[in-house]
Amino acid sequence: AQSVTQLDSQVPVFEEAPVELRCNYSSSVSVYLFWYVQYPNQGLQLLLKYLSGSTLVKGINGFEAEFNKSQTSFHLRKPSVHISDTAEYFCAVSEISNFGNEKLTFGTGTRLTIIP
Amino acid sequence: NAGVTQTPKFQVLKTGQSMTLQCAQDMNHEYMSWYRQDPGMGLRLIHYSVGAGITDQGEVPNGYNVSRSTTEDFPLRLLSAAPSQTSVYFCASKRQGSPYEQYFGPGTRLTVT
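Going line by line, the protein sequences match chains A and B. Per my numbering, the very first residue in the first sequence carries number 1; after that it's consecutive. Per my numbering, the very first residue in the second sequence carries number 1001; after that it's consecutive.
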């Protein structure tokens, strides 16, 4: 079975500083990987995804993530954060398996707080 | 397009009461799902459906029922609410096939007293 670990439940960062949110996954088969963002009192929206090809994936709002198969990681990075990046970030994995049975498993989330 | 809509936004129930959380999407997506979000636990899959008439259990299905009579609607029923079902519930939909992103509704905050 697949699983996702986000070790950091809360990450405070000063405005304009870089940030890295960590995500590790476990799966016995190949996977697709996602980062979702949840702004306060809203639903989730997709930030970026890794399906195949280049291991460096760029998403919206200046975020990027790097897929590392040997370390089973998919860390999210941004070189300079803004107040508007304050949100909860979820890493998720979907096993490439039977068509029509592609369940998405989420990590427990990382709350990013930007300090002015 | 309205995307994924959920009603109600907020609900308070007494233990033992029943209710239905509504979810609708206008994107003609085959796949729909229900998640619950609890502090420190992320989102956990309750039930999902790959098309009208087809549903299956997720990670935490106990205490919830679903049906899918149309492509657009995927209601979640709580037959006898319990305090452990206090949570925020999200409905999501996507096109069939793993690479496609899931679109989430705004959520329903449910409190069971």
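These are computed hints drawn from the structure, not numbers from a lab. Please note that a few of the clues may not be correct.
[To be verified] Here are some chain A residues the structure puts well away from chain B; computed CB gaps all over 10 Å:
no.: 1; residue: LEU7
no.: 2; residue: SER9
no.: 3; residue: VAL13
no.: 4; residue: GLU20
no.: 5; residue: SER26
no.: 6; residue: GLU66
no.: 7; residue: ASN68
no.: 8; residue: LYS78
[What the hints assert, rightly or not] With a Cα cut of at most 30 Å, we get these calculated DSS-like pairs of lysine-lysine:
no.: 9; chain 1: A; residue 1: LYS103; chain 2: A; residue 2: LYS69
no.: 10; chain 1: A; residue 1: LYS58; chain 2: A; residue 2: LYS69
no.: 11; chain 1: A; residue 1: LYS103; chain 2: B; residue 2: LYS1009
no.: 12; chain 1: A; residue 1: LYS49; chain 2: B; residue 2: LYS1009
no.: 13; chain 1: A; residue 1: LYS78; chain 2: A; residue 2: LYS49
no.: 14; chain 1: A; residue 1: LYS78; chain 2: A; residue 2: LYS58
Ideal Cβ placement from N, Cα and C applies to all residues, glycine included.
How the hints compare with the structure:
no.	hint	in the structure
1	LEU7	holds (13 Å)
2	SER9	violated (7 Å)
3	VAL13	holds (21 Å)
4	GLU20	holds (19 Å)
5	SER26	holds (15 Å)
6	GLU66	holds (19 Å)
7	ASN68	holds (20 Å)
8	LYS78	holds (20 Å)
9	LYS103(A) / LYS69(A)	holds (20 Å)
10	LYS58(A) / LYS69(A)	holds (17 Å)
11	LYS103(A) / LYS1009(B)	holds (25 Å)
12	LYS49(A) / LYS1009(B)	holds (29 Å)
13	LYS78(A) / LYS49(A)	holds (15 Å)
14	LYS78(A) / LYS58(A)	holds (10 Å)
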